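Using the supplied hints, reconstruct the complex from the two chains, each of which is provided in its own coordinate frame.
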Amino acid sequence: MMSRIHRLDPIVANQIAAGEVVERPSSVVKELVENSLDANARHVVVEIENGGWRIDVRDDGVGMHPEDLALAVDRHTTSKLTRLEDLESARTLGFRGEALAAIGSVSELTLTSRTKDAKVGHRLAVRFGEKGRVEPVAMAFGTRVEVSHVFALQPARQKALKTPAAEFGAIQQTLQQLAIARPDVRFEVIHDGRAVFDTPGQGHAEGVLLSLFGRELVSALLPVSYETERGVRLTGFVGPAHVHRANRLGQGIYVNGRWIGNWALRAVVEEAFRPQLPDRRYPYFWLWLDMPPNELDPNAHPTKAEVRLYHEQSLKAILYRQVKDALVQQSVSPAWTEVAHPDSAMHVSHEEPLSFAFEAPETERASGEPVLHRQFRELVPLGQWHAKYILAQGPEGLYLIDQHAAHERIFFERFRRLGADIRLSQPLLVPVPETLSAVEWASYQEHAENLRHLGFSIDELGGTMIAVRAVPTAFHDLESHQGLLRMILELLSGGEAAHGAQHPVSWAEEAHYAMAACKAAIKANRPMSYQEMTALLDEMSRTEDPRGCPHGRPTMIVLTVEEVDRRFGRRG
Amino acid sequence: MHFYATQDQLAKALSMVSRAIMPQNNLPILSGVQLEARDNVLTLTATDLFTTLQAEIAVEVSQPGYVVLPATLLTELVQRIPTATLELETEDSSGKTLVKYGKNRATLHGFGSERLPEFQSMEGPGDTITIGSGIFARLARELLFACAKDETRPILKGVSIKLDSGRLVFATTDGTRLSHTWVAIPEYRGEVRECVVPAKIIAEAARLSSAEDAQLTLGRNLIRVQTGSAVVVSRLLDGQYPDYQRVIPQEFVVQGRIRVSDFRGALERANLIAARDRTSSVRIHHQVGQLDISASAAEFGQTHESVEFDSHGQELDLLFNPTFLLDALKSLEGEEAVLEFSGIQSPLRLRDTENAQYSHIVLPLRQLV
Numbered sequence: 208m209m210s211r212i213h214r215l216d217p218i219v220a221n222q223i224a225a226g227e228v229v230e231r232p233s234s235v236v237k238e239l240v241e242n243s244l245d246a247n248a249r250h251v252v253v254e255i256e257n258g259g260w261r262i263d264v265r266d267d268g269v270g271m272h273p274e275d276l277a278l279a280v281d282r283h284t285t286s287k288l289t290r291l292e293d294l295e296s297a298r299t300l301g302f303r304g305e306a307l308a309a310i311g312s313v314s315e316l317t318l319t320s321r322t323k324d325a326k327v328g329h330r331l332a333v334r335f336g337e338k339g340r341v342e343p344v345a346m347a348f349g350t351r352v353e354v355s356h357v358f359a360l361q362p363a364r365q366k367a368l369k370t371p372a373a374e375f376g377a378i379q380q381t382l383q384q385l386a387i388a389r390p391d392v393r394f395e396v397i398h399d400g401r402a403v404f405d406t407p408g409q410g411h412a413e414g415v416l417l418s419l420f421g422r423e424l425v426s427a428l429l430p431v432s433y434e435t436e437r438g439v440r441l442t443g444f445v446g447p448a449h450v451h452r453a454n455r456l457g458q459g460i461y462v463n464g465r466w467i468g469n470w471a472l473r474a475v476v477e478e479a480f481r482p483q484l485p486d487r488r489y490p491y492f493w494l495w496l497d498m499p500p501n502e503l504d505p506n507a508h509p510t511k512a513e514v515r516l517y518h519e520q521s522l523k524a525i526l527y528r529q530v531k532d533a534l535v536q537q538s539v540s541p542a543w544t545e546v547a548h549p550d551s552a553m554h555v556s557h558e559e560p561l562s563f564a565f566e567a568p569e570t571e572r573a574s575g576e577p578v579l580h581r582q583f584r585e586l587v588p589l590g591q592w593h594a595k596y597i598l599a600q601g602p603e604g605l606y607l608i609d610q611h612a613a614h615e616r617i618f619f620e621r622f623r624r625l626g627a628d629i630r631l632s633q634p635l636l637v638p639v640p641e642t643l644s645a646v647e648w649a650s651y652q653e654h655a656e657n658l659r660h661l662g663f664s665i666d667e668l669g670g671t672m673i674a675v676r677a678v679p680t681a682f683h684d685l686e687s688h689q690g691l692l693r694m695i696l697e698l699l700s701g702g703e704a705a706h707g708a709q710h711p712v713s714w715a716e717e718a719h720y721a722m723a724a725c726k727a728a729i730k731a732n733r734p735m736s737y738q739e740m741t742a743l744l745d746e747m748s749r750t751e752d753p754r755g756c757p758h759g760r761p762t763m764i765v766l767t768v769e770e771v772d773r774r775f776g777r778r779g
Numbered sequence: 094m095h096f097y098a099t100q101d102q103l104a105k106a107l108s109m110v111s112r113a114i115m116p117q118n119n120l121p122i123l124s125g126v127q128l129e130a131r132d133n134v135l136t137l138t139a140t141d142l143f144t145t146l147q148a149e150i151a152v153e154v155s156q157p158g159y160v161v162l163p164a165t166l167l168t169e170l171v172q173r174i175p176t177a178t179l180e181l182e183t184e185d186s187s188g189k190t191l192v193k194y195g196k197n198r199a200t201l202h203g204f205g206s207e208r209l210p211e212f213q214s215m216e217g218p219g220d221t222i223t224i225g226s227g228i229f230a231r232l233a234r235e236l237l238f239a240c241a242k243d244e245t246r247p248i249l250k251g252v253s254i255k256l257d258s259g260r261l262v263f264a265t266t267d268g269t270r271l272s273h274t275w276v277a278i279p280e281y282r283g284e285v286r287e288c289v290v291p292a293k294i295i296a297e298a299a300r301l302s303s304a305e306d307a308q309l310t311l312g313r314n315l316i317r318v319q320t321g322s323a324v325v326v327s328r329l330l331d332g333q334y335p336d337y338q339r340v341i342p343q344e345f346v347v348q349g350r351i352r353v354s355d356f357r358g359a360l361e362r363a364n365l366i367a368a369r370d371r372t373s374s375v376r377i378h379h380q381v382g383q384l385d386i387s388a389s390a391a392e393f394g395q396t397h398e399s400v401e402f403d404s405h406g407q408e409l410d411l412l413f414n415p416t417f418l419l420d421a422l423k424s425l426e427g428e429e430a431v432l433e434f435s436g437i438q439s440p441l442r443l444r445d446t447e448n449a450q451y452s453h454i455v456l457p458l459r460q461l462v
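As they're listed, the protein sequences go chains C and R. When the letters of the first sequence are read in order and numbered with the numbering used here, they come out as residues 208 to 779. When the letters of the second sequence are read in order and numbered with the numbering used here, they come out as residues 94 to 462.
Excised from the complex, chain R in its bound form (with noise of 0.2 Å):
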């Protein structure tokens, strides 16, 4: 294999794609990206057998082949590398591969005639849908950080998609809060589908070029997202995920409308001196017009503050982790915010006023006696 490729191309491929490896690996090869030359077209493939991620660069081939490198030696070498194009030349079958850029040279052992394990193949009717720019990166703001972070119920740490006519409707939620969004995708007429997606291609789709449209496509074993000649592919989830149709809240006793900034910071004051006492949580009250936050910790000391809230409705007392709510409104884009309790032991609901889709449920704390 021998091509010539430009070195921003290539040191940008290299990094995208090297998100796919694990830090550790009982398969060395795992720890490899694979380089395929052919018609001018160099193929990036790195996998952790559950994910794969792929990179199509333009380059100049003089002689077609492939090699499996060190993906993190490889990438740092060439995000090194000062010249402006760089050439790559395996010379037979030991994987032995040199870089050359300019007068230097770098030799890299590579994995011999070894290619990367055989991923799956998409199987089932392999549904694909359009989603425009920028769509995925908002999805990851809006769910990824609800999903659960340990292993205890292993499908909450993945993203509930249903496919609907007419929408596509995700969910996450680790237990105790629950972020759930759609987009809507029109020309879809399909069967109603669902299943459960690692968080991870949330995450990586949202890094490919958000100047194009993406492809999703949903098989029975696979869910793959191509953006340009970027693609990730990932295995579904195996399991039920829970039924949280049921939890969201459909009658609330107060309703209003405050501001971001203001509550956030309000939030932020208060998480000071919540996170300092083993109960770390907040007291909110809420009157018409507006709402109280406050936090006390027996040796540390306490906040109160009012926040303007133009709300109806009666006079509540909650206790929140304040974490939950600062992460929640965070996951919000406009400078305003839609909240609406449910009742003293029901939740709270956060939605955004700039876009309808998302809303954000959390559930107060209880206070014992």
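Chain C extracted, bound-state conformation (with noise of 0.2 Å):
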């Protein structure tokens, strides 16, 4: 009798296993482009047709030889690594050899490329597995992937596959990805003959986001720079946040030069932005993180998409705390020049823009806490709706503001200050051993410093065993001052608490000067004069923070004109 078990055929194999690699024309795209990216191009031509039917992509790389040509579309060849430890150390975008052979088990491919020093290239075509003949031929330096017919041989695979127009559109996101993580190398991308974009590729991001999305957005980019002791470097721009879109397409976040899918740092930095940030709109922002290779394991995943990142908790609260701190220092000036009528605020003319000038008087409180967002400043209350929310009229339109909220946000800051001035630490009579967990000593170990400004004393014993000599009584309502510290560690390691450049010590204490605000606050349902409406809109503009309360509910909603008047059906 016939066995029933028996090997499948080396094309049959490669075919199925090219799936992990080759979903859709967008990942053939991704994966010859990173190719290119990993042998050192410097310029970078993609051409595609009819949604991903061809493609061709062209680099002015370091090429192969020809003997290497037939080895480069077997599987699991590669040139980027041989041992398994370079893994470790990969800085280039592929290392696992399939990508190649992926593709040319699902299409006709075409491969030709000419190194340096060669006189002529080589060409060598593989259709749906079978491997051609090398050939000579005329050529520039670089390499060239024609591929095409794209699953031709798989319907199933092919039924799965979008229109064009949405095939190319993830072509393009793609591109757009791999352009941005890498401003120093120029793409072109043409799709049916027409020029999509074409990146300068001299280095700087910003050139290549101008040619993405324009002069508007880019000229309001915020800069983000951080860089931590173990050698992590955050670099990047966010959008304002009144800039936004209703999908994720002008976002990004690349580690070492490659664009990652990685949900969880993307959701720190969308939080970041949550109190101004509309319902299911999306902000913009484009991060790079560069990090020793070791810091991360990028094979996680065939196309490389997710990356294990080994301290995400801590690269969290740094992307967390950064693109906050950009946010909240961006200062909107006044854009409001219209000559004052000193009397005019409380009632609104028609048609005009309503004209006022605020009186305020610049004098300092005693306290003297710099104004930082003059914007609130440039508000004058209309009135108290509801007697909960103050109805302001101010520079960007009417803004609807939460008092509770404000005041809250107030209270919070005021607290947090206070509290930073002195510190007192409560010794212990004996001191309190405690063995931490593998996570905690690493959370301990990162912020020993902080633990101790903050009025901790410990002592380490061995191993993971501390000894609890003092602790903070800055917590004084808390009964268990010795569980503090588990506590905190365990907010560290949670990553909730972002531990920023401003406040090194109050990201455990938030939580707490929360609810004391909370408390503080004046409430919902309370009357407010207008003179009580003034100080706390001049109030506000003091806070470092005015987005939101410290509970991240917003403060304020503004109702731009433009808004009103669409809606009123005068314009568009």
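Hints in this document: simulated from the structure, not taken from any laboratory. Incorrect hints may have been included.
Estimated spans, in silico, between C-beta atoms of each pair [as the list claims (entries may be wrong)]:
id : chain 1 : residue 1 : chain 2 : residue 2 : range
1  : C       : H283      : R       : P247      : 53 to 63 Å
2  : C       : E697      : R       : R286      : 35 to 45 Å
3  : R       : P247      : C       : H660      : 22 to 32 Å
4  : R       : R313      : C       : A674      : 23 to 33 Å
Here are some, though not all, of the chain C residues that point toward chain R, as calculated from beta-carbon distances under 7 Å [unchecked claim]:
id : residue
5  : L625
6  : R630
7  : L631
8  : S632
9  : G662
All figures in this text were calculated on a predicted structure; none of them were measured in a lab. Glycine included, C-beta positions come from ideal geometry on N, C-alpha and C.
Here is the structure:
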């Protein structure tokens, strides 16, 4: 009897395995362009026809020797890696040695390449896994890969493809991310003979963003830059919070030059925008993280879109705080230049935009907090609505301010300031020994200096054993000061506590201050006089982050004239 | 079961034993009080399986038996009964109990024929010591405020007991302060023993009759205190109590006597300000003959007071948690207190001029730079 089990034909096996790497035309483009980038290309031209039916990627990279051509289209062949240990330090985008083999097994692929020292180039064609012969051909330096008839022999795959326009959309998104990730490489993208974009390739990310998103957005971007002691460098741009779009195409997080689809990091960045962002709208940001290769494992997923980061929690904290700081520091300059009519503030004239002067007493208060957000000084209260919201008119339109949230924010920052002034530590009669878990130990190690500053005195006893000799008194409302260290370490390792430059210790105390502020602040259903409303807005201008209450609710909503006009059918 | 009891005796006994019952119970019977009538004695028992309280009162038993009734309901009912005597009758094994008072009656649904779960019995040598009347009340005042309140180190919620020849030594600490006191037991000549008991048993023992001496029995697993006909039994706590002897200072740089009411008044006023400040601390400055007590809160103001202090030693400037000092002063009996400072970073010892056995230790705060 014939045996039932037999080894798959290598071509069939490759076609099956290809499904992991090549799902749709955009993944073909991704693999090919990444190869170009790994070949040190400075200029990559991508021509797409009919949503990816034909893909042509040309680069000016190092090229391949003719004898390598045949090997390159086999499985598990690569020039980027020889030993497994090399993976630890791999800076290249690819390393698995699968891409070309996978693509070649599901399409008609033509590979032509010429190295710098070769007189001619060579060409190799692969038709659905069957290799042709290597032939000499005249060409410029570099490598060109032409792929067509993708999935022609896999009707199931082909049926799963979307319309050519949708597939090209996916390709374009992939190429955009690659181009943003590598501003030093010029990307020329052509679809059906039409130039889609062409990045300058001069190493400036702004230049790339400019060619992709236009001047209006790029000129409004806020820079982010931060470097940790562990050698992790964060650079990039975030869009101002009032500019947003309905999808996430204006975002990217790049780790060591590779775009990654880490939703946890993305979520934490979006969280920093949250108090100002309407529901289901997404902010613009492009952030580059550079870190030693041993801090991450790119081999978690065949297409490498998922990268395992070893200190993800602390990265989250850094991203959150830096993005938030950038958003908070942007000072919106008053765009309000109308001539003043001192007493017109309380009534609204029609047709003309309302003009007013805000006769703010410019004298600083005794405690003298500087004015950080001028736009609040431009606000003129029009009245109170439902004894809950202040209606105010300002440069950007009509402002609805939640009186409780706003007051809460003011108290929160005051408590935080007072709390940071003097720190006392309560020594313990008998040191409390604690054995930390590996996670707690890691966050203890990382934050030992902060903990000391907070008022802990800790002896290391060897291993992950410590003895707590003193605890901070700042948490005097907490019954359990002995469990405090564990609680804080848990907060830190959970990434909830964003530790930042401005308030080195506040991450542990913020929840506490927030609660106190909520109690102290005026509540809804409290009528306010005009003086009270003016004072509240004035105090808002002195807060560091007036956008939301400490619990994350927004403090205000802005209704622009354009929006009101649109609703009344005046325009568009 | 059928008995006649006097209303006030029964009400008192019920409210005494009910204190053992936890407010929430997943074992329903633990919310009940067990009544057992026999030989003209009614034994009332309640337990949370950690501590058991038991009382006996004289009643007229016409039919012996037992029943477990919902403790809160029975206690509140008996307390509101207007007649001097009352009658309890359980008809059958259903637990339905008739409470008759004068012409009126109420029926309570008991726990059938169930009994309270068996409590552990005393193991080990079981040394019994007589503690003079009123002493448990003093112990409770001196010790219980310094017990830990939180669960992070459960052993610190208890009271450390050391049975030594001639002395029964008690200590409590929450990690930042320590109360230490002892009772003379001249008749005890047994071995030295140490254990940790729940704070509850000291509190309950202090509530038992103060007119009579108490008998304290310490077994390997239980502690039992009996006063007259009332008994409280608790399991011992497992775990190692920290070695507190090391932290009791032996040398002092400032020693003196102060009037408790003056010091306390100054601290209470300072605390009004201090409690409004994030640091909630008072500054205590010593120079020979006086203590300066001051507090400040950036937004509210300052206080500064001088209190006469019959002292000798060096000048000192310290920060304290005012609550800790006030707690300690409240635990003193006499009009004068002895304050002994051992340095800037080392503990302050407070003692009672009336009662040399008791001392309290509290650590100053440290300002961070």
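Point to revise | Hinted contact L631 of chain C with chain R - closest CB pair below 7 Å | key: Given a least distance of 5 Å, the restraint on L631 of chain C holds.
Review point. Going by Cβ atoms only, is S632 of chain C closer than 7 Å to chain R?
Key: The hint holds - S632 of chain C has a Cβ within 7 Å of chain R, the shortest such distance being about 4 Å.
Check your understanding: Given a hinted range of 23 to 33 Å, is it respected by the beta-carbon distance of R313 of chain R and A674 of chain C?
Key -> Because 31 Å falls inside the window, the suggested range holds.
Check your understanding: Does the interface hint hold: is G662 of chain C within less than 7 Å of chain R, judged Cβ to Cβ?
Key -> holds, 6 Å
Review point. Taking 7 Å as the limit, does the beta-carbon of R630 of chain C come near enough to a beta-carbon in chain R?
Key: Since chain R brings a Cβ to about 4 Å from R630 of chain C, closer than 7 Å, the hint holds.
Check your understanding: Taking 7 Å as the limit, does the beta-carbon of L625 of chain C come near enough to a beta-carbon in chain R?
Key -> Holds: closest Cβ of chain R sits about 6 Å from L625 of chain C, inside 7 Å.
Check your understanding: Holds or violated: 35 to 45 Å for the Cβ distance of E697 of chain C and R286 of chain R?
Key -> For R286 of chain R against E697 of chain C, whose Cβ atoms are near 39 Å apart, the range 35 to 45 Å holds.
Practice item. Indicate whether the distance between the beta carbons of H283 of chain C and P247 of chain R respects the range 53 to 63 Å. Key: The hint (53 to 63 Å, Cβ to Cβ) holds, given that H283 of chain C and P247 of chain R are roughly 58 Å apart.
Review point. Do the Cβ positions of P247 of chain R and H660 of chain C conform to the proposed distance bound of 22 to 32 Å?
Key: Given about 31 Å between the Cβ atoms, the range holds.
In this structure, every one of the numbered hints holds.
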